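Chains as they are written, first to last, in my numbering: chain W, 5 to 268; chain A, 12 to 630.
Derived coverage of chain A by chain W (criterion: at least 3 residues anywhere in the stretch with Cβ under 8 Å from a Cβ of chain W; other residues may be distant):
id	segment
1	231-241
2	273-282
Chain W side only, calculated, beta carbon under 8 Å to chain A, not exhaustive:
id	residue
3	R20
4	A24
5	E196
Treat the hints as calculated values from the structure; they're not laboratory data. Please read these numbers as outputs of a predicted model, since none were measured by experiment. All C-beta atoms, glycine included, are put in the ideal place defined by N, C-alpha and C.
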Amino acid sequence: MNHLDALEAESIYILREAFAKLDRLAILWSLGKDSNVVLWLARKAFFGHVPFPVLHVDTGKKFPEMYAFRDRYAKEWGLNFIAEPCPPIEAVDPTLPPAARSAARKTLGLKQALEKHGFEGLILGIRRDEEALRAKERYFSPRGADNSWDMKDQPPEFWNQYMTDFPPGTHVRVHPILHWTEVDIWRYTKRENIPVIDLYFARDGKRYRSLGDRDITFPVASEARTIDEIIRELETTKVPERAGRALDHETEDAFERLRAAGYM
Amino acid sequence: MTSEDRPLKIVIVGHVDHGKSTLVGRLLHDTGSLPEGKVEAIRAMSERRGMPFEWAFLLDAIQAERDQGITIDTTQIRFRTERRPYVIIDAPGHKEFLKNMVTGAANSEAALLLIDAAEGVQEQSRRHGYLLHLLGVRQVAVLVNKMDLVGYAAERFGQVAEDYRAYLAGLGVEPVAFIPVSAREGDNIVRHSPAMPWYQGPSVVETLDRFAHLPPPVDRPLRMPVQDVYKFDHRRIIAGRIESGSLAVGDEVVFSPSNKTARIRTIEAWNVPEAPERASAGQSIGVTLDEQIFIERGEVMSHLEGAPMESNVFRARIFWLGQVPLETGRQYLMKLGTTETRVTVEAIERVIDTDDLSSRPADRIPRNGAGEVVLRARRLLAVDEYESNPATGRFVLVEDYRPVGGGIISMEGYPDQRRLVTVKSTNIHAVGHAVTREARQARNGHKGGVLWFTGLSGAGKSTLALALERELFAKGYHVYVLDGDNIRSGLNANLGFSPDDRAENIRRVGEVAALFADAGFIAISAFISPYRADRERARRAAGGDFHEIWVKASLETCERRDPKGLYRKARAGEIPDFTGISSPYEPPESPELVIATDELPEEECLARLVRYVEEHFRT
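The following block holds chain A by itself, in its conformation from the complex (with noise of 0.2 Å):
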């Protein structure tokens, strides 16, 4: 065997009282690695206040635990065998604790589950076995200790592992070695014990030993979460880890989700004799592009190829550590790469019982419990699946300022949104107008641009809007409203009143209004349009010439009015979803215009909004 400078990350967990900390004693004096004297000052310390010695005082130094007998939180402990140094971890077992048990495997390469030959399996070790699957770690050795106890029977040791072995597979996971140890007396620690002949296999120090550091994820295609971008001096540095695949200087390389692209100019470095080249999985690196494109923390920087998925929706198994149960419908901020974004829980799908792994449906998922969701953001994400990326296929929540839980994504039944936001044929040119919008501005006198009414039906935005369209077009502006009626017999034929079709018919006027004012044209649209996020969607579609009109009247007025008749018939149930009576109108945060119906006549009305576009409008 060769010895190795870079230390094993272990994770030591198991029920309460199962011998972690004693293990980890054991470990440290069988293997030569206490620091000298630090045996002697404990046996004194255990005669000082009439204890018997026990091993696990070497870990448990804080004055609390020894009051209270159990350890609180991860212990990291070094030491060392012929092959290699480790880092062990002892992780407690007390169910309170599961946040730090969390915290020290989530960070291990490896872990030893141990099982008390005696007690048997117990639901903390299922617990643990279960969250160290959906945490990552992929070595596990099952440790069945006490053997001293039960008389070193070889029958025993069988039961213990037989029943564990089974929990195991269903989670698909297949320990690499059974072990039968008492960690009090040693045996099968680093020697095979005379006490257990019976048993043929590796020590605990062997089945370490043959444990394997994990490589950085170099062979998967390339992620760099962008941390940040510095400007401390002439350079512009995109910051961030790789967290998997490679790098080289001329990559064509793009930034998701906003899918602007770039060239690799340089990857640079501070006190190394020259610039690299390259940079693969595992490092920190900055690197500076060939053009001066617009990009934050947050977004993830891959090859063309193999880019992540984006999603504004997926499914992810979770742990859940929080006090508060996780609950249909509820927010959280998630941590996602160096992303953060508010989702909400959309849907429960099962909840697990980690002492059968049966499921069964719930609207929450209580503290220390595990299940699966489908959790929905704001906006596009880019996402991996865990499976296929496990350090961008993975997230943390985060409540009330504290992480409460973990999960890991899979993609299972929602599409890639990419192409949906994306022009992929490289032959669409972003319309290659030879007339140029400066040339529409000067023929016409006035810029193009949409003026957006949104308000209550009956608030007036349909007289208004065609009384300033006769005003300005008097005035010579190329002006034109689109509103439900010229719309929904023509370009939305095809569509009916669902919420789906509603916020299509509106997206839909949102581009043709971008289309007519790209053309020079002011376009003014007259719909409820009650939902702020079809608003701002609007608003991206028509760029930088986007004007928000509130047409502002209280809903006793509008009903007052009803020019239709369609609050009465709303009142009466005859109209399902009518804004302001059985659906929610969203008033605009921070509209351009408001104009009060209510409040002014309407010349007045008219007057300001023809003042409006004058003042913004004439060039």
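Next comes chain W alone, as it looks inside the complex (with noise of 0.2 Å):
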């Protein structure tokens, strides 16, 4: 077993607890390198079936490549899928900086989808060498009513037993990949042969390495034109990967304040 085999044998296991243990169940799509990984591992776990709702919480925002992509695939891989567009930004609290009020406004928007379809489980693709406080994350972390992460006070997570069980109003996130890195994702898309979209790759010097909304999401000095090259430039770089986010450079707890709110 080889380490990309053990990584897609744990996220495979962690894709059916969630399954089997809770009733309401939906994956976030958000069209991103790690979110096409998820589906794709969603795809092995249940023998090519997708068995619950596939979520595009829609900023309106995003490059149109990605918009062109996500229709194709919806149908191509045959998904159960749901868009769900974010309220207008006037809706979101005016005295958080630019990007991160762009961001609240997406986390603003999957509260509703949550509430309106009635989710009490959520996959996200993230991961823990993205950024600091997603390295605090459980692989179920639960949720309180108001969609807050308290995450000071985490259940513990051992032996593969996670919890599953939750009074009620609480909805758990589930993070199968978790434990993945970004040079993972590239060798396992790889690997697998998974569509991604073009704007991961270089052109006139600069890729994204990752997409979020246009306005707030800016490319990285790069040659990388294929997926060798990527892996090839991750192996060697010090640059970090949110590095194309506005978001994250804005104040130093911006972050922070987004994801006890909930964001992703």
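Starting from the two chains in their separate frames, assemble the complex, guided by the hints.
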């Protein structure tokens, strides 16, 4: 069993636990490389099927390439696809810095989508190595009725036993690729031949390492034009993955405040 | 040394303020694993806040942590040496956060345990050592940190190391190394420190590189706890992860505790060039079987040879994280593999003081404590001893939705119950009757079955049973009453009235009634049978032909009637354990029929019984 096999087996186990234990389950599809891998793993776990809805919380500000990708594979992979819009920006806390406010809008959109469909479990493609706060996450992470994350009082999680029963009003975030790294994602994408959006590949000396909204995501300097070149670049780079995400750099605790309030 | 791709998961533990976060910051820096600008950003931040730079700030990315000066949760951070990548889990040392230390350590393959050279071995140093052992982390190195504060003195290092070595020896743990270090100054972290020429052993990084990945236990017997059964398409796929051993298409397997057997028809997989023929430990797989047997989540698939034990009672060493202490008699939800079941703490055999490993009897295990307990489940479970199969020999206890403890199983003193419930000899076929049940029914004109009367003494069970027998016999039914006298004088002559003997008495009556039913008779039993569990067992014995009939009368009525003078004697204390007086009666939860003898005249009671039989047994 090699490293990718071990990662895959763990993620499949987690997805199956979620499906067995949580009644109203959905997967959040952001169209990026990570959530594409999660969808792929779900198809592996359930032998070609994705037996729950696939939710896209649409800010309306994604790149056109992302919408084209979404529409094509929602159909090709036979997904039970749901798109839900975000509320107007005016509905969001105006004291937040611009990028954080934009992300908070998405959080609000997610919250409304959860309420509308009554999901009690939501599968997300976040990873520990992306960001210090995400490093503190659990595979099964309970949220309060208001969507909040109590980072300081998380349940213990050991021996592959996850918290899967909850008091009423709680919902749970499931993170099946929490233990993967950015380079793992690319190696697996290559091995499995998973389709990705072209924006990840360098054009005119720049590429997107992480995809978000058009107005708050910026490309980084890169010459990587293929997955192999991306892997080689990641093996040596010391630039953090979310360097192109304006959100992470506004204030020291912007991200923490967002996550406590229910951001992914 | 060869380089590897797969990161080794390590945990760093020890008493609060003994330097764990500092060590992590230092390891990241000295192995060149930090993102560009990170150290500069932290230095600038420290300056802005007017604080001296600390390596630990690297990890303490959260506002609250910086304010309190302690790490709250495990943070997974990656770095790499020349040999391989690592994931380090900075487990906090503060006592309040033991649950996070458990989370970190349980998911690790190796551990570094830090002890402050000046402070020496402290409460948490011992507790963490004990927990590492209990959690199954076998590769441990001990770092005696802050050597700069004790003038790099070899003597002090020797003292601390000796102290701790003695403690670990009590657990049967032998660390791979004791290393004198200063995380703050970088002594013996990557390179050998000129400040401690007296130390000739490996550096921290060299020690890490000597740790090994633990291979998945492919050589142990096959265990695959069933996660789910999928029917998304024409296939019926049994899904799960192989925890140990391996399997191949064509293998005969048994599911425990149901003891059903089948052969592996296929191993299913999606997006692979060809269907696999074999699978082994560590893989999440799905199989189809050659027979459509009913299997549920929670069963354990194994080969027939080397199957897990089956028991509803076992011994366990546990650690306790719950706010409320674990107590004798309390119930918890137990998660074992993919099984969930309620267990009762039957006994706390001893509580262990992790400070000196002494043990004493107690009726509770406090938060952050450890001990040995006996747990009893309501039904049979497939279990392994932790020592022979860790993945299926350990469990988590849940209370009020939250995990509150973990335990490892020992079967010492408890028999494997598989043989009690399984027909072993292949020569015993489930009685190959030449006369079928249908043939008996056709000749008799009615079905066989059990009418199980239950109720207080004096409620009218025997009276009604005998009257009903007469009525039914007259109508041409094959019918027979089983009551205390005709059973106790023969079949059960060897049984007394102890609780065990009473349970056995009812068990035999249930089995005999089932045989009568199978023979085409209507068997009427008239026993108090006060316990639901006993009646449920009788129901199982009879298969589908069991009718629980509650002959119901209030205790007052029964005591007034007192046909045999028993209540009077019980009240006078002459009969111990008398149902309704000094021993409980558990009323049926959903009986097929209720006959209230204190509300209806006897004729009406009898008429209702006859009508019920005519409706349910005539063919």
